[in-house]
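Protein chains in written order, with the UniProt record's numbering: chain C, 1 to 270; chain P, 1 to 343.
Please note that the accuracy of each hint is not assured.
[Stated by the list, open to error] Heads up, simulated DSS-like pairs for lysine-lysine below, C-alpha to C-alpha not over 30 Å straight-line:
{"id": "1", "chain 1": "C", "residue 1": "Lys-111", "chain 2": "P", "residue 2": "Lys-236"}
{"id": "2", "chain 1": "P", "residue 1": "Lys-175", "chain 2": "C", "residue 2": "Lys-131"}
{"id": "3", "chain 1": "C", "residue 1": "Lys-111", "chain 2": "P", "residue 2": "Lys-232"}
{"id": "4", "chain 1": "P", "residue 1": "Lys-175", "chain 2": "C", "residue 2": "Lys-25"}
{"id": "5", "chain 1": "C", "residue 1": "Lys-235", "chain 2": "C", "residue 2": "Lys-121"}
{"id": "6", "chain 1": "P", "residue 1": "Lys-155", "chain 2": "P", "residue 2": "Lys-27"}
{"id": "7", "chain 1": "P", "residue 1": "Lys-255", "chain 2": "C", "residue 2": "Lys-79"}
{"id": "8", "chain 1": "C", "residue 1": "Lys-82", "chain 2": "C", "residue 2": "Lys-111"}
{"id": "9", "chain 1": "C", "residue 1": "Lys-120", "chain 2": "P", "residue 2": "Lys-155"}
{"id": "10", "chain 1": "P", "residue 1": "Lys-88", "chain 2": "C", "residue 2": "Lys-137"}
{"id": "11", "chain 1": "P", "residue 1": "Lys-232", "chain 2": "C", "residue 2": "Lys-82"}
{"id": "12", "chain 1": "P", "residue 1": "Lys-255", "chain 2": "C", "residue 2": "Lys-82"}
{"id": "13", "chain 1": "C", "residue 1": "Lys-222", "chain 2": "P", "residue 2": "Lys-236"}
{"id": "14", "chain 1": "C", "residue 1": "Lys-120", "chain 2": "P", "residue 2": "Lys-332"}
{"id": "15", "chain 1": "P", "residue 1": "Lys-88", "chain 2": "C", "residue 2": "Lys-111"}
{"id": "16", "chain 1": "C", "residue 1": "Lys-131", "chain 2": "C", "residue 2": "Lys-235"}
{"id": "17", "chain 1": "P", "residue 1": "Lys-116", "chain 2": "C", "residue 2": "Lys-111"}
Think of the hints as simulated: they come from the structure by calculation, not from any bench.
Predicted, not measured: the structure shown is a model, and the values here were computed from it.
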Amino acid sequence: MVEAAYKSTGAISVRNVRKEFTDTKGERVVALDNVNVDIYPGEFICLIGPSGCGKSTFLRLIAGLITPTEGEIFLDGEKITKPGHERGLVFQDPTLFPWLNIYDNIAFGLKVRHIYKERKKEVREFIRLVKLEGFEKALPHQLSGGMQQRVGLARALVNNPKVLLLDEPFGALDAFTRMNMQDELLRIWKERGTTMIMVTHDVDEAVYLSDRIFVMTPRPAKIETIIPVDIGRNKKYGRKRDSADFLNLRSKILRVLNFTGKEIQPEYNI
Amino acid sequence: MEINKAASKTRDFKLKGLNILSALKGKLAFDFRTVLPVTSVLIAIITDVFIPNHKNLKHPELMHYRYFLYISLFAAVLFTVLSLFIKKIRDRYGYRGYFLTGVYIFLTFLNIITAKLLLLPQIYFPSIARIFEVFFDDTKLLLTCIGSSFMLLVKGIFIGFCLGMICGIAIGWSKRCNYWIFPIIRILGPIPSSTWTPLALVIFPNAKSAAVFLIAFGVWFQITVLTCSGIKSVNKAYFEVASTLGARDRHNLFKIALPAAAPTIFMGFFNATCSSFVALMAAEMIGCKSGLGWYVNWQKQMLAYANVYAGLIIIAVFCYVLVTLQFRIRDKLLSWQEGIVKW
Ligand SMILES: Nc1ncnc2c1ncn2[C@@H]1O[C@H](COP(=O)(O)OP(=O)(O)O)[C@@H](O)[C@H]1O
Ligand SMILES: [Mg+2]
Chain C
1 MVEAAYKSTG
11 AISVRNVRKE
21 FTDTKGERVV
31 ALDNVNVDIY
41 PGEFICLIGP
51 SGCGKSTFLR
61 LIAGLITPTE
71 GEIFLDGEKI
81 TKPGHERGLV
91 FQDPTLFPWL
101 NIYDNIAFGL
111 KVRHIYKERK
121 KEVREFIRLV
131 KLEGFEKALP
141 HQLSGGMQQR
151 VGLARALVNN
161 PKVLLLDEPF
171 GALDAFTRMN
181 MQDELLRIWK
191 ERGTTMIMVT
201 HDVDEAVYLS
211 DRIFVMTPRP
221 AKIETIIPVD
231 IGRNKKYGRK
241 RDSADFLNLR
251 SKILRVLNFT
261 GKEIQPEYNI
Chain P
1 MEINKAASKT
11 RDFKLKGLNI
21 LSALKGKLAF
31 DFRTVLPVTS
41 VLIAIITDVF
51 IPNHKNLKHP
61 ELMHYRYFLY
71 ISLFAAVLFT
81 VLSLFIKKIR
91 DRYGYRGYFL
101 TGVYIFLTFL
111 NIITAKLLLL
121 PQIYFPSIAR
131 IFEVFFDDTK
141 LLLTCIGSSF
151 MLLVKGIFIG
161 FCLGMICGIA
171 IGWSKRCNYW
181 IFPIIRILGP
191 IPSSTWTPLA
201 LVIFPNAKSA
211 AVFLIAFGVW
221 FQITVLTCSG
231 IKSVNKAYFE
241 VASTLGARDR
251 HNLFKIALPA
261 AAPTIFMGFF
271 NATCSSFVAL
281 MAAEMIGCKS
291 GLGWYVNWQK
301 QMLAYANVYA
311 GLIIIAVFCY
321 VLVTLQFRIR
331 DKLLSWQEGI
341 VKW
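Next comes chain C alone, as it looks inside the complex (with noise of 0.2 Å):
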């Protein structure tokens, strides 16, 4: 569909990164500690861990919204200050913007980059892939919450960014629809080379998706265990989610996660 010719590189490194909030009473919060990995360009990350570990707070870091107390991490080895188009964010909640239409919301990115007139078409492109044709009139209001988080991926997918950041971003979709933009992802992923970090709280989804799953523990906040998925890819790149690897892979993770003594809860904070 769109050409091949964005090569992007992306690779993430977080040294020693430690940030700390301060809550309403004025306490600091240690929402992230000594936290040190390197993400290759073009690899799909999957972040798996409980509420309030600070999984959010990783992704922003990464997107520039928020910096470190402690700490810094580059992108392609320049050091990461501010929010930029090249680290896309799907936000947790969709956040579309009200007043602008489905189409507008996701023209915006090369709208304000100056680049609408040449990437048109891409726009285009991206509605049908989240499958909202017929849409593009519609306001955001009048769209189920599935589908509002459909646009957002597309908002932030149409600027090609280098990084894709998502937070948790199938979370309010059915099973097919899910399924389905799993697999679109994945597509996007093999033929633009971008590299994906993504929150879930899927196991399932993390073992389908990813190249490997970082496993975060709250309290001291921080990524516990880096779990590699060893497991072929199928013509779709995801895996076959009813093989024996598969299975094995989940119950592991799903050891992990029970040995740092939290249960996997869902997540309702916006």
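Given chain C, put chain P with the ligands in place with the hints provided.
For chain P with the ligands alone, kept in the frame of chain C given last:
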């Protein structure tokens, strides 16, 4: 065979007739509410024609009210007939039926207590006919007054709106402007603009520009405050989304902050328009030699109360039209909003 054919022919014919009838039935419909206004206008006419005026009534020869009723009757009948055929008119006219009826009953009531029974002092409560007469007698003067008021208002609102937007954006967007300008606004803003009259009359070369200043001042304050608070209360997440999509500061202001704050800014604009009417009337009474406020004030001093009422009616219509226009514009601009108030 022959007989059979003939029978089937008549049956066809009958069927056809039925079809036409049912088609008409689908189109034709009657809503009893569409008849109510006709009835009430008829009552008004009967009251006016058949109940004799009080013997002490001045100017009993004036017929403007009756002509108005005749025109109303014509219009009411026309709408009632149209309502039979056109669904859109039926729905809208039917919906207004009770209200219009009420209006004519009220006019009849006024007619009875003024012209017919003379229950109230004539000089302060002239007959409806005399009020209507003013529209015909004073047409030219009234039109000049409308034009003059309109120009004052447009100038005042325009200047106030522009300055208000600039100040509001500055305060809402920049910390330094907030530090310097906001305290000034907090001190100056709440002062009712008419309080500035003495100063305005000294500073400005003529009453008209003083009036523009007074109007602009009130508008400026409202727009400033609401633009600023609108911008400050924009959901921060929108800025975050925009900046990860490649937006810079200026995009964040013009493509996020202003559209997101637009409903609040419009609220300010609505308040400003309403308070600008007050300022306009006050300003026109201080030294202008034209305008609706001046007209009403002047006629009051002449004890020409019929003219005062006529002036008030025009002011009401004038404000109504301006506010309605404004809401139309808003509906266009802010159609994305959920559950906005329709005007
Ligand atoms: N802006 C903030 N101010 C104060 N505390 C915050 C802020 N953002 C996150 N936190 C705290 O940091 C911790 C991690 O939050 P978050 O990254 O949202 O977790 P997750 O996404 O894994 O559920 C939580 O304890 C949360 O209360
Ligand atoms: Mg989160």
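Q) Given the hinted pair C/Lys-120 and P/Lys-332, is their alpha-carbon gap at most 30 Å? A) At roughly 26 Å apart (the allowed maximum being 30 Å), P/Lys-332 and C/Lys-120 satisfy the hint.
Exercise. Holds or violated: P/Lys-255 with C/Lys-79, Cα cutoff 30 Å?
Worked result: holds, 28 Å
message = Tell me if the straight-line CA distance from P/Lys-175 to C/Lys-25 falls inside 30 Å.
response = Status holds; Cα separation ~25 Å.
Given pair status - C/Lys-82, P/Lys-232, alpha carbons within 30 Å: Within the cut-off at roughly 21 Å; holds.
Does P/Lys-236 sit within 30 Å of C/Lys-111, going by the straight-line distance between their CA atoms? Holds, because 21 Å separates the two Cα atoms, which is no more than 30 Å.
Q.
Hinted pair, alpha-carbon criterion (30 Å max): P/Lys-88, C/Lys-111. Please report holds or violated.
A. violated, 42 Å
Exercise. Decide if the proposed pair is consistent with the structure: C/Lys-120 and P/Lys-155, CA atoms, cutoff 30 Å inclusive.
Key: violated, 42 Å
Starting from C/Lys-222, check that the Cα of P/Lys-236 is at most 30 Å away, please.
It holds: about 27 Å lies between the C-alpha atoms, which stays within 30 Å.
> When you check the alpha-carbon spacing of P/Lys-255 and C/Lys-82, does it fall within 30 Å?
Replying inline: Holds, at roughly 19 Å.
Take the C-alpha atoms of P/Lys-88 and C/Lys-137, compute the straight-line distance between them, and say whether it is at most 30 Å.
Roughly 27 Å between the alpha carbons, so the hint for P/Lys-88 and C/Lys-137 holds.
Please verify whether C/Lys-111 and P/Lys-232 have alpha carbons no more than 30 Å apart.
holds, 24 Å
Going straight from one Cα to the other, do C/Lys-235 and C/Lys-121 come out at no more than 30 Å?
-> Status holds; Cα separation ~27 Å.
Checked against the numbered hints above, the structure violates hints 2, 6, 9, 15 and 17; every other hint is satisfied.
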